[in-house]
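*Asks:* So the chains spell out like this:
Number of protein chains: 2
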Amino acid sequence: MGFWKSLFLGSESAASPKGLPSRGYLADLPNADENSRIIFSTDRDLDLYELEELCDAVGWARRPIRKVKKAIQHSFVVVTMWEERGARRRLIGFSRATSDHAFNATIWDVVVHPDFQGKGLGKALMKQLIKTLRNADISNVTLFADPHVVEFYRNLGFMPDPEGIKGMFWYPD
Amino acid sequence: MGFWKSLFLGSESAASPKGLPSRGYLADLPNADENSRIIFSTDRDLDLYELEELCDAVGWARRPIRKVKKAIQHSFVVVTMWEERGARRRLIGFSRATSDHAFNATIWDVVVHPDFQGKGLGKALMKQLIKTLRNADISNVTLFADPHVVEFYRNLGFMPDPEGIKGMFWYPD
Ligand SMILES: CC(C)(COP(=O)(O)OP(=O)(O)OC[C@H]1O[C@@H](n2cnc3c(N)ncnc32)[C@H](O)[C@@H]1OP(=O)(O)O)[C@@H](O)C(=O)NCCC(=O)NCCS
Ligand SMILES: CC(C)(COP(=O)(O)OP(=O)(O)OC[C@H]1O[C@@H](n2cnc3c(N)ncnc32)[C@H](O)[C@@H]1OP(=O)(O)O)[C@@H](O)C(=O)NCCC(=O)NCCS
Numbered sequence: 001m002g003f004w005k006s007l008f009l010g011s012e013s014a015a016s017p018k019g020l021p022s023r024g025y026l027a028d029l030p031n032a033d034e035n036s037r038i039i040f041s042t043d044r045d046l047d048l049y050e051l052e053e054l055c056d057a058v059g060w061a062r063r064p065i066r067k068v069k070k071a072i073q074h075s076f077v078v079v080t081m082w083e084e085r086g087a088r089r090r091l092i093g094f095s096r097a098t099s100d101h102a103f104n105a106t107i108w109d110v111v112v113h114p115d116f117q118g119k120g121l122g123k124a125l126m127k128q129l130i131k132t133l134r135n136a137d138i139s140n141v142t143l144f145a146d147p148h149v150v151e152f153y154r155n156l157g158f159m160p161d162p163e164g165i166k167g168m169f170w171y172p173d
Numbered sequence: 001m002g003f004w005k006s007l008f009l010g011s012e013s014a015a016s017p018k019g020l021p022s023r024g025y026l027a028d029l030p031n032a033d034e035n036s037r038i039i040f041s042t043d044r045d046l047d048l049y050e051l052e053e054l055c056d057a058v059g060w061a062r063r064p065i066r067k068v069k070k071a072i073q074h075s076f077v078v079v080t081m082w083e084e085r086g087a088r089r090r091l092i093g094f095s096r097a098t099s100d101h102a103f104n105a106t107i108w109d110v111v112v113h114p115d116f117q118g119k120g121l122g123k124a125l126m127k128q129l130i131k132t133l134r135n136a137d138i139s140n141v142t143l144f145a146d147p148h149v150v151e152f153y154r155n156l157g158f159m160p161d162p163e164g165i166k167g168m169f170w171y172p173d
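Here the protein sequences come in this chain order: A and B.
For the first sequence, full-length UniProt numbering assigns the number 1 to the initial residue and increments by one for each residue that follows.
For the second sequence, full-length UniProt numbering assigns the number 1 to the initial residue and increments by one for each residue that follows.
The reader is advised that the hints may include incorrect statements.
Since the list gives no way to pick out one identical chain from another, each pair is judged satisfied if it fits inside one copy or across any two copies.
As the list claims (entries may be wrong) - Pairs of lysine-lysine, DSS-like flavour, derived with a Cα cap of 30 Å: (1) K119 x K131; (2) K69 x K123; (3) K131 x K67.
Bear in mind the hints are in silico, worked out from the structure with no lab data behind them.
Note that the structure is a prediction, hence the values are computed from the model and not measured.
Whenever a hint applies, use it, and build me the whole structure from the sequences.
*Replies:* Written out as structure tokens, the structure reads:
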């Protein structure tokens, strides 16, 4: 890290329906470009074609926009990350979690645009998401990690197979 | 198996809000007692104290009723199992799943009362739950299994760590 400070400085707008800030920004970016800043948002009203572009950029398989819309609507929390330059805003990160709103949450679809990877932003995005879940009093935060990102999540305090608990996926015979 | 046939014979009541049958029954029970039958339901309006008793019976830690209620409300699907004797009905099994209503579901809190374990009913309950999720067009059915039940789930078509995907849980440092 060191390049970006993952310091959540504040929220700008009114509280979201769940009583969480719907927008905040990361500041202190000692990078070459003083005209940009990184913004986080829990607003789920985003351009789904822009999200598709982001997922394309990391090589994920296309999914029907209609279903993506439904999944976002029925996620418990969505945290997006934006690069803001003057009036222009670009979607550079996405994450969401499903939940029973009481005990458990499961994180899906964590992505940072390749142009912005390796700068601590994935970590900052995940911290925002975890903080949002913890503020909502969720005690059991879970996910299913592809092998190449297990270390990324371990870095953030996630344990694989704690006490022998196994992640399992159903496949029709 | 052989003791109970996991045959879902039909549904008795009107369609549930999601367009799924809210009640059905298992029949063909060649057991000693011809006066009982096993019923499944997706109705989530159940007596939470009866559910607490069921969870107590398998030694699960007590959870605040208020939070259990919230978790059930915000689960995507709840499938319960009942023993019916004449007009009396007893809760003997429970399971639920969270979901984004589009791609992924995660199964939680699968339990069969000890008096009814080892008769194929856990399997029948899980099959009901999976069927309900598949009918709702969910393609990715997941769960986190305690070590002593990994084989139970493997039997049902669940794979641990497919392609190296790891189940992970977040613990505060
Ligand atoms: C995984 C991903 C979100 C990480 O985002 P990122 O912004 O590149 O990560 P960061 O720069 O915040 O990295 C934070 C820390 O994790 C480490 N890290 C990042 N990616 C890693 C990886 N794939 N494996 C191991 N460690 C990793 C970094 O070295 C850094 O360590 P440090 O805190 O010791 O310096 C991003 O690479 C991505 O979107 N990848 C493609 C999509 C994907 O695979 N998503 C996960 C699906 S399960
Ligand atoms: C796990 C549980 C739901 C299984 O229900 P059940 O009604 O006893 O299981 P069934 O009789 O339907 O068993 C179906 C098959 O799984 C096998 N099986 C059942 N429990 C098993 C276990 N713990 N380990 C390995 N295999 C198991 C049975 O032998 C049977 O195999 P078969 O189809 O080859 O005959 C039940 O034992 C239970 O409620 N346990 C306590 C709560 C719990 O631990 N839940 C899981 C939390 S992650």
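*Asks:* Where does the structure disagree with the numbered hints, that is, which hint numbers, in rising order?
*Replies:* none
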